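Protein chains in written order, with the UniProt record's numbering: chain H, 1 to 262; chain V, 1 to 216.
It should be emphasised that the hints constitute simulated quantities derived from the structure, not laboratory data.
There is no bait here: all hints are sound.
Here are the simulated lysine-lysine pairs, DSSO-like style, with alpha carbons at most 30 Å apart: (1) V:Lys-12 - H:Lys-108; (2) V:Lys-157 - V:Lys-42; (3) H:Lys-103 - V:Lys-205; (4) V:Lys-209 - H:Lys-108; (5) H:Lys-22 - V:Lys-12; (6) H:Lys-103 - V:Lys-12; (7) H:Lys-103 - V:Lys-100; (8) H:Lys-168 - V:Lys-53; (9) V:Lys-205 - H:Lys-108; (10) V:Lys-153 - H:Lys-168; (11) H:Lys-102 - V:Lys-12; (12) V:Lys-205 - H:Lys-102; (13) H:Lys-103 - H:Lys-22; (14) H:Lys-108 - V:Lys-100; (15) V:Lys-12 - H:Lys-15; (16) V:Lys-100 - H:Lys-102; (17) V:Lys-42 - H:Lys-188; (18) H:Lys-102 - V:Lys-209; (19) V:Lys-42 - H:Lys-168; (20) H:Lys-108 - V:Lys-213; (21) V:Lys-157 - V:Lys-53; (22) H:Lys-103 - V:Lys-209.
In this text, all values refer to a predicted model and were calculated from it rather than measured experimentally.
As a plain string of letters, each chain reads:
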Amino acid sequence: MDWGALHTILGGVNKHSTSIGKIWLTVLFIFRIMILVVAAERVWGDEQQDFVCNTLQPGCRNVCYDHFFPISHIRLWALQLIFVSTPALLVAMHVAYRRHEKKRQFRKGDQKCEFKDIEEIRKQRFRIEGSLWWTYTSSIFFRLIFEAVFMYAFYFMYDGFRMPRLMKCNAWPCPNTVDCFVSRPTEKTVFTIFMIAVSSICILLNVAELCYLLTKFFLRRSRKAGNSKQQPNHENKEETKQNEMNELISDSCQNTVIGFSS
Amino acid sequence: AGLRDLLSGVNKYSTGVGRIWVAVVFLFRLLVYVAAAENIWKHEHDEFECNIKQPGCENVCFDHFFPVSHIRFWALQLIMVSTPSLLVVFHVAYRENREKHHNQKLYKNPGKIDGGLLCTYLISLILKIGLEIFFLVLFYKLYNGFKIPRHVKCDIKPCPNTVDCYISKPTEKMIFLYFLVATSCLCIVLNLSELSYLMFKYSIKCYLKRHVKNQQ
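Based on the sequences and whatever the hints tell you, model everything.
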């Protein structure tokens, strides 16, 4: 199972996330991908072999299994994880684009560029503001949408989150209604509930991150509006000094907020 | 893992759209193939059941309906479609080697797409598009469309008459089939847009150069 490469990509995104984003990434890796690879795959491993129907009619077992499990739980979770990790790529691409622009500036010998060499540009951590804020927020929004869609699809397909022990099947070529028995139903139910719970925690983390980003955005906007109102008033030196002090205070406030987030 | 290294090496010399193509191939095709699709087709022969006890009938019917297993077909497709990118990597390595050999700066930047490297890049794009379409058409011809039936009727020797044979997990296989065909089409669209973007960009450049020359 080649999740290692996904790990490398997402790890790169980690640097530019908020602290809630970093918690989300940890939860994703430890409680979802690792559990999927290490435990859940074994539980669902012998799915069809041990799905037994009370009939000798050839083909009845295949058809009943296909009817009750259009797509296996484990594959649905693997797809969910892949889709949910994809929006982080948007952020990675945006950061790479910004780095590329800075490198171009640096190579042209721009005086405004404050970096000493290429290595510094490569290692620099970008703050989440401006267009990167929009990319980051839309990536969280898409993550939420994907998680919700997959959870709903799961609930809709399997009529809830429980794995029944016995299923009655009468699809052709089964001669009449036969009993079919699922293998390891309790273990599967336990893992299903676990994965759904972790999914919900991830949704909550994403909602919290979204609220945090929106709050930060509106605070910054109101601060800017407040500063620009003061500007037309000052006409003499004293008021200029007072304004400078105000800006210093607001800057240090901003730094503490960003320091908290980093 | 080898395919992964190849793709990340190619990433360096691609345009923006090329990088999106690499990401799509990697995340939505390679990862889905390895993480999900492979396991569905794992026991396909064992779970293929025919309504008959005649020995050999099941084997013959399975072989008739699945000359090449879907999953092997896709693996082949993935490998072939990623290979043209090697042309670009080889050309860049050739350029860098030449610079080292002559001990002087022959190219402004060995990795930049201009001149001969542009030709190679365009050829690799055309090859990618061609191979994708070829594999999709071949799949369609081989399996009579993009569907996986629940059961098939088979009457090849040694089966004594027409028997019903049941395929395992047809719905799940169909879901992944549609998914992989959709990503294939997406890749074709990305490659086409990259091709037209590059041709447009360089024809404008050529035209402007000629315009400037004429004015002088």
